[in-house]
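Colleague: Going letter by letter, the sequence shown gives residues 1 to 488 in full-length UniProt numbering.
Just so you know, nobody snuck in bad clues.
Cβ-Cβ distance ranges computed for the label pairs, FRET-style: (1) R48 - S380: 31 to 39 Å; (2) A180 - L384: 42 to 50 Å; (3) E257 - D186: 24 to 32 Å; (4) G52 - G175: 45 to 53 Å; (5) V63 - A149: 43 to 51 Å; (6) L442 - L279: 30 to 38 Å.
Hints in this document: simulated from the structure, not taken from any laboratory.
We put the CB at the ideal spot given by N, CA and C, even for glycine.
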Amino acid sequence: MSQEILINVTPRETRVAVVENGVLQEIYIERACRRGLVGNIYKASVSRILPGMQAAFLNVGLVRTAFLHASDITCPATPHESGSVPVADITDLLKEQQHVLVQVIKDPIGTKGARLTTHITIPSRLMVLLPDNPTVGISARIEEEAERARLRRIGEAFVAAGEGCGYILRTAAEGATEEALRCDRDFLGKLWKSIQVRSDLAQPETLIHGDLPLALRALRDLITEGIAKVWVDSWETYQKVQVFCEQFLPDIAELIEHYQGERPIFDLYGVEDEIQRALERQTQLKSGGYLIIDQTEAMTTIDVNTGGYVGHRTLEETIFKTNLEAAQAIARQLRLRNLGGIIIIDFIDMEEEDHRRQVLRALEKALERDHVKTQISGVSALGLVEMTRKRTRESLERVLCEPCRTCAGRGSLKTAETVCYEIAREILREARQFDVQKLLVLTSQEVVDLILDQESDTLAELESFIGKPIEFQAEPLYTQEQFDVVLM
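Using the sequences and the hints, build the whole thing.
Modeller: This is the structure in structure tokens:
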């Protein structure tokens, strides 16, 4: 399975695309005016403690205060007899105006501020440093038991020789030599000490350590065994990437190439068209079926439909094949659109239990390639597949779009007929309260046309009832729902 990473750089925006066998799988976008905050470390001050929520709001120097839950605070805890570790009370962990070193684990999303933790993690290419947490973790993607055991032995040796720090061995550590892992450990140790020094000297509400820019972060986090090439279309960024790779990722330096073609690299790979399609509500399947994807504040719902696919055998076989194809498409759309939180999938109802099991298994297998943690809770009593996908940053739609100014994000408008009757009620209300000579209604052209044509009898009755003339004036800047009744 051939994968390529495309890095497109313009003065104020960097975009990274992951292309698999010529098909876009993931897109990352970072703008100079609104960089992602995940991974940043701040010296924060506690603004407000909420005992009822077991949480606190902290000032980190951003527009909105950030949120810290008690479960995300490092503290010594004594296990219960059952073996579980209780979460200490928030009032015992924090005091107002206290200064705390925190890390962002979720970007601000919608009206919510950033989500914080005091469990600091510092990633490198092969490892993740866990200060003050002397444990060893191995990536679940490393499946060979002998390799897991080897990495665990190395990790435990690092912990034993360290200063109370723990380590997570990342997927990229598979097959890495002990010397390479030791170099990573030494780099992370020096970085953590420099962070501690800066934290001691810094004022509260200050950024202590910022994560890498997107182009470099992509090399650190997205390079896997299947990556064949990394294309960079900016010479300046290409040079920075080369220096970064020579210093930290020498084993992948040969994969980096500067793209010099006249045609934009995203156009060459069809990425721009895929991004446009990823913003649409409907996603077509090759068979003729389609998905309807609706993103709301609480959850994302995905509805599967057969559409124009009629199959060749039985209805059950047609539905089964559509659902199998949909399972693959859904996994890709989740990555491409970066949909997170609760996700409800309404596959077409299948009568055979074996078909339901195969579709669920196909979805699970397709999700295995996702870098983001996903969990399928199972099938509900209504036959809906319930799952979650970890949300750390805004979805593609939220990054590139804003709510419609005409419908305010509702996705629908009142009909011209509805607005006509609203105007009639408003005229009656104004005529009863005020003594006027006539009334002037300012509204959209569509409403004016409807009133003077199909609703002309209604207008005549209304004028007769209030005993006053009513004039209409079309306002080109008014939306279909807007109107004003002017008393004259």
